[in-house]
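Colleague: Build out the structure end to end from the sequences listed, making use of the hints.
Single-letter residue listing:
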Amino acid sequence: MLSANLSAIFYLISGILFILALRGLSSPETSRQGNFFGILGMVIAITVTFLSIGNFSTGFVVVLIFLLIGGLIGAFIAYKIPMTAMPELVAGFHSLVGLAAVFVAISAFLNPEAFNLGSPGNIKLGSLIEMSIGAAVGAITFSGSIIAFLKLQGIMSGSPITFKGQHPLNAIILISIIVITYLLCSTQSSNLFWILLAISFLIGFLLIIPIGGADMPVVISMLNSYSGWAAAGIGFTLENTALIITGALVGSSGAILSYIMCKGMNRSFFNVILGGFGANEQSSSSQNKEQRPVKSGNADDAAFLMKNASSVIIVPGYGMAVAQAQHALREMVDTLKKNDIKVSYAIHPVAGRMPGHMNVLLAEANVPYDEVFELEEINNDFANADVAFVIGANDVTNPVAKTDPQSPIYGMPVLDVEKCKSVLFVKRSLSPGYAGIDNDLFYKENTLMLFADAKKMTEDITKNL
Amino acid sequence: MEIDPFIFRLSIFILSIFIGYYVVWSVTPSLHTPLMSVTNAISSVIIVGAIIAGLAGNSDSIFNTSSIFGFLAISLAAINIFGGFLVTQRMLAMYKKKKKDK
Numbered sequence: 043m044l045s046a047n048l049s050a051i052f053y054l055i056s057g058i059l060f061i062l063a064l065r066g067l068s069s070p071e072t073s074r075q076g077n078f079f080g081i082l083g084m085v086i087a088i089t090v091t092f093l094s095i096g097n098f099s100t101g102f103v104v105v106l107i108f109l110l111i112g113g114l115i116g117a118f119i120a121y122k123i124p125m126t127a128m129p130e131l132v133a134g135f136h137s138l139v140g141l142a143a144v145f146v147a148i149s150a151f152l153n154p155e156a157f158n159l160g161s162p163g164n165i166k167l168g169s170l171i172e173m174s175i176g177a178a179v180g181a182i183t184f185s186g187s188i189i190a191f192l193k194l195q196g197i198m199s200g201s202p203i204t205f206k207g208q209h210p211l212n213a214i215i216l217i218s219i220i221v222i223t224y225l226l227c228s229t230q231s232s233n234l235f236w237i238l239l240a241i242s243f244l245i246g247f248l249l250i251i252p253i254g255g256a257d258m259p260v261v262i263s264m265l266n267s268y269s270g271w272a273a274a275g276i277g278f279t280l281e282n283t284a285l286i287i288t289g290a291l292v293g294s295s296g297a298i299l300s301y302i303m304c305k306g307m308n309r310s311f312f313n314v315i316l317g318g319f320g321a322n323e324q325s326s327s328s329q330n331k332e333q334r335p336v337k338s339g340n341a342d343d344a345a346f347l348m349k350n351a352s353s354v355i356i357v358p359g360y361g362m363a364v365a366q367a368q369h370a371l372r373e374m375v376d377t378l379k380k381n382d383i384k385v386s387y388a389i390h391p392v393a394g395r396m397p398g399h400m401n402v403l404l405a406e407a408n409v410p411y412d413e414v415f416e417l418e419e420i421n422n423d424f425a426n427a428d429v430a431f432v433i434g435a436n437d438v439t440n441p442v443a444k445t446d447p448q449s450p451i452y453g454m455p456v457l458d459v460e461k462c463k464s465v466l467f468v469k470r471s472l473s474p475g476y477a478g479i480d481n482d483l484f485y486k487e488n489t490l491m492l493f494a495d496a497k498k499m500t501e502d503i504t505k506n507l
Numbered sequence: 683m684e685i686d687p688f689i690f691r692l693s694i695f696i697l698s699i700f701i702g703y704y705v706v707w708s709v710t711p712s713l714h715t716p717l718m719s720v721t722n723a724i725s726s727v728i729i730v731g732a733i734i735a736g737l738a739g740n741s742d743s744i745f746n747t748s749s750i751f752g753f754l755a756i757s758l759a760a761i762n763i764f765g766g767f768l769v770t771q772r773m774l775a776m777y778k779k780k781k782k783d784k
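Respectively, the protein sequence lines represent chains F and W.
For the first sequence, the tail end lands on 507 under the numbering used here, and the numbers increase by one without skipping.
For the second sequence, the tail end lands on 784 under the numbering used here, and the numbers increase by one without skipping.
Please note that a few of the clues may not be correct.
Covered stretches of chain F (in silico footprint by chain W; criterion: 3 or more residues with CB under 8 Å from a CB of chain W, positions within the stretch not fixed) [what the hints assert, rightly or not]:
#	segment
1	60-69
2	114-123
3	155-169
4	279-293
Since the hints were derived computationally from the structure, they do not count as laboratory data.
Cβ atoms here follow ideal geometry from the backbone N, Cα and C, with glycine treated the same way.
Modeller: Next up, the structure:
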């Protein structure tokens, strides 16, 4: 049996390895090593836990069996999942962390002796507070992530679900969570503990339903952050350094990602959380529905324009993921490169349904990462490029964000696509984007609309090159 | 006067938030998806608590309500640990540089 001090040191080491795991992600070269550090940290934490309990009886075998079952399921999912489904996968995984936190909290509440927290009905006050916070945040993470998962998977409609009195109701529930936590700590009543869990599940559900599909990057990052805080709460209960460090790391990581995503949409965090964006904008867009002329073309025209270009910038968006067009796109780019045309990719921070979504898809299609650029890196290059190829993106290219203070997306950083000599816009129809506003780019003199499925159009262009 | 050990844990917590803040800002935006999957995997270190809960039963009764929740939590966390690290590895293996010989 490992002494408590020695195991604490090992937990610290494992926490440091987790920090190094995140540090490795500062560049793709060091990232794989970082992931290895992460795995090592986890192995140390688990081994030390077994050794410090030092009980290798039947229970140990049962633990191993459950560990193995989970591990096999996890490994199977990791190998089978297509890269386009990454947002759903991450949302699903967050829900599991949340639920695991809830289960650990329940277990600690029912059997506090095992964790040195006192006895049932007489749990140490500090531990009970930490436990309640961990359980409540875990429950919110769980039900919120389930809703996010259903929305991303398309099982549930991606449009915001709003109803009258939604915000007051949420406020009442949030306040009652605090009140119940207080009562729970003063009475140690197990009924209150179950009620706390139930309403936390409910509020997680209610918080996410009013948030629309394209705000999912913020939601996923936010749930990522919650799962960290839940882990930290449990870490305080268990007095475990590895959990506290990890919880803090994950919590701040998710918070930073949420911040970056909100900034990419020029919206405040509260604006996103309150939800309903995109639902109430429909009226304003239908008012000015005058027919404006658009130029539309076919794959032949597009191929002609690109063949005569010397540089092409590709702007991918969520539509590319939906159409699974990333491989077809890379084949088109290969053909362009053979003709000595310079090609680069421009990625908007909120393109896709989660932070970095487009980068992963392009990486999957074997696009070298040094051809892929972020908004600030590439925005000045549009003025010098011959062709911009917009595939599956919409609102992030809308020049209205720079020109019309009335527009709901005014002030959002956008890609200066319209500055290119010509713009090719692959889209299925002229329908407005997620924000419910018309894209001025469609009607520009130098824009050629390509009405087709993104994948099919890209393949057709390649044939014509 | 003695300092409550809670304060030490709180110090670790706050300092780790700062470490997280600086480390995560230095993550390149193109790796934000792997960042999410790896943070997901490491937050499953909560399995430590699940193992303690699972092994808490005495040798006569391995399965009581408390330990069953522990066992279930072990499986949930294990899905995340294996799934999270493996999918991250799969993603990171795809990030390649331009071939120099072109």
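Colleague: Could you check the structure against the hints above and give me the numbers of any it violates, in ascending order?
Modeller: As far as the earlier hints go, not one is violated by this structure.
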